[in-house]
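K.L.:
Given chain U's structure and the hints, the job is docking chain Z onto it.
Protein chains: 2
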Amino acid sequence: MNIRFYNAKILRIKDKSFEVQEGELWVKGNEICYIGDGSDQEKIYQALEMPVILWDREIDAKGNLLMPGFKNAHTHSGMTFLRSLADDLPLQEWLFEKVFPKEGQLVAEDLYWLTALANLEYLTSGITAQFDMYYFQDQVAKACVDMGFRVVQTSGLNNFGGTVEELEEKYLKFNGYHELSSYILGFHAEYTTSKELMEGVAGLVQKYKAPMFVHNSETKLETDECRQRYGMSPTQLFEQMGMYEFGGGGYHCVWFDEQDIDIFAKRGLSAVTNPGSNAKLASGIAPINQMLQRGVNLAIGTDGPASNNCLDMFKEMFLVSSLAKLKDMDAAVLDANDVLYMATAGGAKAMGLSQCDRLEVGKKADLILIDLQQPNMQPVNNLTKNLVYSGSKQNVKLTMINGVILYENQCFHVNMDIDEIYQKANQIVARMN
Amino acid sequence: MNIRFYNAKILRIKDKSFEVQEGELWVKGNEICYIGDGSDQEKIYQALEMPVILWDREIDAKGNLLMPGFKNAHTHSGMTFLRSLADDLPLQEWLFEKVFPKEGQLVAEDLYWLTALANLEYLTSGITAQFDMYYFQDQVAKACVDMGFRVVQTSGLNNFGGTVEELEEKYLKFNGYHELSSYILGFHAEYTTSKELMEGVAGLVQKYKAPMFVHNSETKLETDECRQRYGMSPTQLFEQMGMYEFGGGGYHCVWFDEQDIDIFAKRGLSAVTNPGSNAKLASGIAPINQMLQRGVNLAIGTDGPASNNCLDMFKEMFLVSSLAKLKDMDAAVLDANDVLYMATAGGAKAMGLSQCDRLEVGKKADLILIDLQQPNMQPVNNLTKNLVYSGSKQNVKLTMINGVILYENQCFHVNMDIDEIYQKANQIVARMN
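Going down the list, the sequences are from chains U and Z. In terms of the working numbering, the first sequence has 23 at position 23, counting the first letter as 1, and numbering is strictly consecutive. Numbering-wise, the working numbering comes out as the position in the second sequence, counting from 1, plus 1000.
Calculated from the structure, these hints are not laboratory results. Among the clues, some could well be false.
Stated by the list, open to error - Straight-line Cα separation of at most 16 Å, EDC-like style, residue types lysine to aspartate or glutamate; simulated pairs:
(1) K16/U <-> D37/U
(2) K62/U <-> D1419/Z
(3) K1220/Z <-> D330/U
(4) K1028/Z <-> E1058/Z
(5) K142/U <-> E109/U
(6) K1062/Z <-> E1408/Z
(7) K16/U <-> D335/U
(8) K1424/Z <-> E1109/Z
(9) K1220/Z <-> D328/U
(10) K327/U <-> D1328/Z
(11) K220/U <-> D1330/Z
(12) K220/U <-> E1168/Z
(13) K1062/Z <-> D419/U
(14) K1207/Z <-> E1168/Z
(15) K195/U <-> E225/U
(16) K207/U <-> E168/U
(17) K1327/Z <-> D335/U
Extracted from the complex, chain U is given alone in its bound form:
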């Protein structure tokens, strides 16, 4: 499809800051092929080797904002079935008495529907790619590709499931599976994984000289126990084992000390923060400002819908900023600009999606259209602050992934029956003990 957006405000990224350009953005196939004022169109068509007549759609943006889609840099999408099933419980009870027993009853096909449900929610929030750790990854990939959703998967390998051989097999399979699919090495967490398994992961990291991601220092208990077991923090352990030599990073990164931040800064690792989940499960507040000051790449994840429970980047952006201010008791830390960067380009960097990180000619057309003609976006004193501090899913007019419009004016265009997705999700829950 060739799509022309005109009368648009276009959010560009320059040196980790945002600028607004007025004009047109053209999509040819799955790529952005032109950004400019659109004058002298015929000449531009010729230069781009595009016949003038071949627009599939011309969309009047009516002065609204085109911006890069949000990147959800940590989630367990298939946990949609657990949403609101066991909240307001202590973390350990929630995990061991509620989450794990239900997860044990999942079958492969369930993941197709449960992932599809999460993808719908991502689309409503302008999220154009997810970094997913869950089970039955064939079904996850299939659901995403069938819907046109971009997915980066990683492994939740631990003592209770998976082998290093399977991890390698998946790494090779899902990186070549489809243009919407990729895979990053990883495992669940230090506290659920034996030294032997971790050594296996480290072996793959070294073999493929590849980045590695893992749950890292989510809770105080986790870091305390790791220090008891290994005499060092999870980050220091992973570094010592050679797992961070080629990049990657951690999810949560709440209980980081100076040494952990040093390692993340030195290795160019990414810290993916999950403030909604960390607050709701009372895990703590990550030292975001401290990591930012040290130049650590930061990204934002919703975490899974069992802990958050919503998959909404607007809510997460507000939380990232406001929790950082609360943690430091300083309203001046963590500017909206930094948060918006985390939610877009920072996330793309963490996920290995440099081709989708910003609106530029040659980049993949993963973008969203934000309705500025809504009361929460008025007056237009500062666009980035409006997005981070008062933006809402309700402002998402259109979500495009890989050049395809999957969501527009509250309607999904995903080649799946939405009611069937809802029905299947409810049936899966009803079936379980």
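P.N.:
What follows is chain Z alone, placed relative to chain U:
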């Protein structure tokens, strides 16, 4: 207008808990006149003395949820012009160098448009009443009445503006002004108000035996300075001065100690929490769970759009719960049910709107229709948890105040030109130095 909702889930409140009833809800004029299964309609019409044919609209709720509208129990609506104009600053700098100088340039008519803008945003979030403290209160009342929005005003009286006589005049005027308008005694805060002025307010409290609301213990600085000045906390001071004898309460209530909570519990006062503002301005986290345990009536406010910056009850509900969990480092405190009660009936109680607090025959028809056929509301494991933890403005299909539908399917029906409201708000900002 007489409106019949059918095929609805209806959220009822029983003993501070929520129950879902399936059936019909009828609105006659500005009141709810029937809730039931709708069978044997003719008989019901007769009993209600309504002719069968007189439905102005019959709305198929399609299994979606009718619930009481949210009550925004503390705001400064007219601050919409300051949204995103001065964020990420220390609180004192924000207030004295940014907010006050701009506010000084407001003229009366501005408040008409700025309040109207806030009201639009409230409607998108399912908020059906606001408790407003701001300037030019004639214009505020006019904007609300013109739009059909329910408003409870209170005074921001302090050393820099207003007199006790004016407060009394407004109290008398806006309580009889219109059925959508009421007024509660109050002043800005201890730190901005002389003892003499406070004594004047106390005199009115005693004269009218009326409740009184005030900013109370928002920041540590405020409470520290009050203790220096008076040897006691703001709450203790207001109590000693007789201002809390007939009810009312405080906004923020962040830096409360045991004695403050005692007074609130003993006097039946309401604590209005503003978690978005308190987090973003790094003021702290209110002891919500501690107040709940003591039986204090709790309500939720967005605070003004200069500090929050959005006027979204869904975001506030998530924050109330998750910040309380973080404060106590216990994921089990403050159940979603309690938060939903705060956002509806708790707010209504604080605002003196007992006639709008729940869906019951004879109550005012201040209600909203929540779209459950959205991915963030699926599966339907627990409706109240879905609302509090994954709900969003995007789920608000319809907002009705006093029997009138003011917002439906993303469109406003407010007898004002929406574009004109946006234009005026931008012009007001552009005019200022």
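K.L.:
Now tell me, hint by hint, if it's right for this structure.
P.N.:
These are the hints, each one checked on the structure:
Between K16/U and D37/U the alpha-carbon distance is near 23 Å, which puts this suggested pair outside the 16 Å criterion. Restraint check: the Cα-Cα separation between K62/U and D1419/Z comes to about 13 Å, which is no more than 16 Å; the hinted pair holds. Pair hint K1220/Z plus D330/U holds up; C-alpha atoms about 13 Å apart against a cutoff of 16 Å. In summary, the hint linking K1028/Z to E1058/Z is supported, as the alpha carbons are separated by about 12 Å, within the 16 Å threshold.
A C-alpha spacing of about 10 Å is found between K142/U and E109/U, which places the hinted pair at or below 16 Å, so the restraint holds. For the hint pairing K1062/Z with E1408/Z, the CA-to-CA distance comes to about 15 Å; that is within 16 Å, so the pair holds. Between K16/U and D335/U the alpha-carbon distance is near 12 Å, which keeps this suggested pair within the 16 Å criterion. Straight-line distance between C-alpha atoms of K1424/Z and E1109/Z comes to about 10 Å, which keeps the hinted pair within the 16 Å bound.
This hinted pair checks out: K1220/Z and D328/U have alpha carbons roughly 14 Å apart, not beyond 16 Å. A threshold of 16 Å between alpha carbons decides the hint, and for K327/U with D1328/Z the separation of about 14 Å falls inside it, so the pair holds. The hinted pair formed by K220/U and D1330/Z meets the criterion: a straight-line CA distance of about 13 Å does not exceed 16 Å. Annotation: proposed proximity of K220/U to E1168/Z is violated, straight-line Cα distance about 54 Å (limit 16 Å).
Restraint check for K1062/Z and D419/U: satisfied, since their Cα atoms lie roughly 13 Å apart, inside the 16 Å limit. The suggested pairing of K1207/Z with E1168/Z holds, with an alpha-carbon distance near 10 Å, which does not exceed 16 Å. A distance of roughly 14 Å separates the Cα atoms of K195/U and E225/U; the hinted pair therefore holds under the 16 Å criterion. The straight-line distance between the Cα atoms of K207/U and E168/U is roughly 10 Å, inside the 16 Å bound, and the hint therefore holds.
Taken as a hint, the K1327/Z and D335/U pair is broken in the structure, with Cα atoms around 23 Å apart against an allowance of 16 Å.
Comparing the model with each numbered hint stated earlier shows that hints 1, 12, 17 do not hold.
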